[in-house]
Amino acid sequence: MAIAIQVNLTTLLKVIEVLGIVAFACSGFIEARRRDMDMVGIFTVGFITAFGGGTLRDLLLDQRPLFWVERQEYVLLIFVLALVITPFTRHISSGRAEKVILLADALGLGLFSVLGTSIAEDAKMPLFVCVMMGVITGIFGGVLRDVLCNEIPLVLRRGQLYATCAFFGCWVSLLLDKADAPEGITLGAGIGVTCVMRLLAVRFNLKLPA
Amino acid sequence: MAIAIQVNLTTLLKVIEVLGIVAFACSGFIEARRRDMDMVGIFTVGFITAFGGGTLRDLLLDQRPLFWVERQEYVLLIFVLALVITPFTRHISSGRAEKVILLADALGLGLFSVLGTSIAEDAKMPLFVCVMMGVITGIFGGVLRDVLCNEIPLVLRRGQLYATCAFFGCWVSLLLDKADAPEGITLGAGIGVTCVMRLLAVRFNLKLPA
Amino acid sequence: MAIAIQVNLTTLLKVIEVLGIVAFACSGFIEARRRDMDMVGIFTVGFITAFGGGTLRDLLLDQRPLFWVERQEYVLLIFVLALVITPFTRHISSGRAEKVILLADALGLGLFSVLGTSIAEDAKMPLFVCVMMGVITGIFGGVLRDVLCNEIPLVLRRGQLYATCAFFGCWVSLLLDKADAPEGITLGAGIGVTCVMRLLAVRFNLKLPA
Chain Y
1 MAIAIQVNLT TLLKVIEVLG IVAFACSGFI EARRRDMDMV GIFTVGFITA FGGGTLRDLL
61 LDQRPLFWVE RQEYVLLIFV LALVITPFTR HISSGRAEKV ILLADALGLG LFSVLGTSIA
121 EDAKMPLFVC VMMGVITGIF GGVLRDVLCN EIPLVLRRGQ LYATCAFFGC WVSLLLDKAD
181 APEGITLGAG IGVTCVMRLL AVRFNLKLPA
Chain V
1 MAIAIQVNLT TLLKVIEVLG IVAFACSGFI EARRRDMDMV GIFTVGFITA FGGGTLRDLL
61 LDQRPLFWVE RQEYVLLIFV LALVITPFTR HISSGRAEKV ILLADALGLG LFSVLGTSIA
121 EDAKMPLFVC VMMGVITGIF GGVLRDVLCN EIPLVLRRGQ LYATCAFFGC WVSLLLDKAD
181 APEGITLGAG IGVTCVMRLL AVRFNLKLPA
Chain E
1 MAIAIQVNLT TLLKVIEVLG IVAFACSGFI EARRRDMDMV GIFTVGFITA FGGGTLRDLL
61 LDQRPLFWVE RQEYVLLIFV LALVITPFTR HISSGRAEKV ILLADALGLG LFSVLGTSIA
121 EDAKMPLFVC VMMGVITGIF GGVLRDVLCN EIPLVLRRGQ LYATCAFFGC WVSLLLDKAD
181 APEGITLGAG IGVTCVMRLL AVRFNLKLPA
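As they're listed, the protein sequences go chains Y, V and E. FYI, the UniProt record's numbering numbers position 121 of the first sequence as 121, with every residue one higher than the one before it. FYI, the UniProt record's numbering numbers position 154 of the second sequence as 154, with every residue one higher than the one before it. FYI, the UniProt record's numbering numbers position 157 of the third sequence as 157, with every residue one higher than the one before it.
It is possible that some hints are incorrect.
Treat identical chains as interchangeable: a pair holds within one or across any two.
In silico DSBU-like cross-links for lysine-lysine, where the CA-CA straight-line distance does not exceed 35 Å [said to hold, decoys possible]:
#1 K124 <-> K99
#2 K178 <-> K14
#3 K14 <-> K124
#4 K99 <-> K14
#5 K99 <-> K207
#6 K178 <-> K207
#7 K178 <-> K124
#8 K14 <-> K207
#9 K124 <-> K207
Note that these hints are calculated values from the structure, not bench results. Predicted model only: the values in this text are computed from it and were never measured.
Whole structure, please, built from the sequences with the hints as guidance.
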């Protein structure tokens, strides 16, 4: 019984990871396409946006081998996604591209932040560090994408709530876990809070006070 | 007796580390405020400026866990500092902000460079690598801050001596240590040389020949 | 006999590494000089261009100590090169500088990519990850150089084939190795394919389709 739950939890974390990778990679592809990059540029930006956050997390926590070095399926996945998705991005209107990026990015932010917190918790990190690791895992892929594209990262520009959403989502997930809620609920609640809060922030233009 | 000195040395290194973190974090806060960022941006830039150099040093030397991952007090410290200091930065004139950043940055440069050299020495690195680790620890936080803010890093622009000061300070500290000077003096001399040289360079506009 | 071959292979890898370092460092020096940086800037850009790719590779593969942390000769080499080469770069015409950078960069790309693949193979990484590690080792020094100089990295701009050449060279080297070709040939073929393909791409303006 305990083993069955263990397997299910591992599967759940794997599913979250793959969904996060796909979401961030897509946001990277479309962003690169908007900048008129060629296939190599599109693949590279997708690759870095998808793996940047998790790689930094693994480096900081000293988790080896890195999650994508261990599994070449992930590298292949980005390859195949780039080949499949790029043709579609050609005919997408600029306004719709913006919306797809926004949605994919909010989803990736939620999935990766909560996953990062959960991994840091398993590594027995202190509470505050778990939250920071979650936020870093969630936002760093996008930071790298923006730095590579020669822009001030989204998270640093005064705009709608972004890192703040990940911050709250990670705390929700962490506190539920401390309260012994089942894993499925702690993970789901954290992801939900982050995504919904981010989408609401964009929809209603919520910003922090100066 | 030996234990007492050991404790004192550890305390001394801790004090240097905390002072360096505070100095760099403040330079980051004020810089972020000048760019009209919100609280999350201010916290993030302060966090990265304060921890960037030491994190790269620990990654390069394979020192685990990272110095700030081990101690959540440091993460909390930046949080509290950001909350306390930000209101003051609002009413600061642009000229005074510049001066405070300059001073805080010179102090942080000295503290972190000499600390980095000392840590690399403890890890039994060769002489030249110790100096490079010191310089990297001292300058990398500022490099990250500038890259994130979409500027060519200060250290790469032709300007008043910067990395050069850290370079000399690290050598002073290293050679005094090889000459068996007491730790307090080797650390103090290195920090002093770096800070004073940097402030003199700014005051008298000292530059390297082209 | 086996030991003799082993020694020769180690020497061969060392030679490739040193040549790659020199080639990339030179491309960094000349680039920094064109941006009118001072000696510290020139040294720093050369240092980062030469060691950036290999450092990321070692961090990702968890190879410790880092290749340049272990050998202070490498750090000294960059120092001496910067002192020796910089005076020459002053009188070089802009057109010739461009050509020297291009050639040095193509050479460094070939040497580091194939070396990176070979090191990842020794670390028993899966096939696809070996190729990615090779490409990362080859291109990352140049990416860092461009980010520090506040430009969109060459590899992301739509231009003549770049990462693609490293990609093909790594596969050639890897497949020859799987076919049990002698090490000298697998390494030489991979390096040759990458360099020649890159130079042809520049000469005949070969680009990927949009």
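Of the hints given before, which are not true for this structure? Hint 1 is the one this structure does not satisfy, whereas the remaining hints hold.
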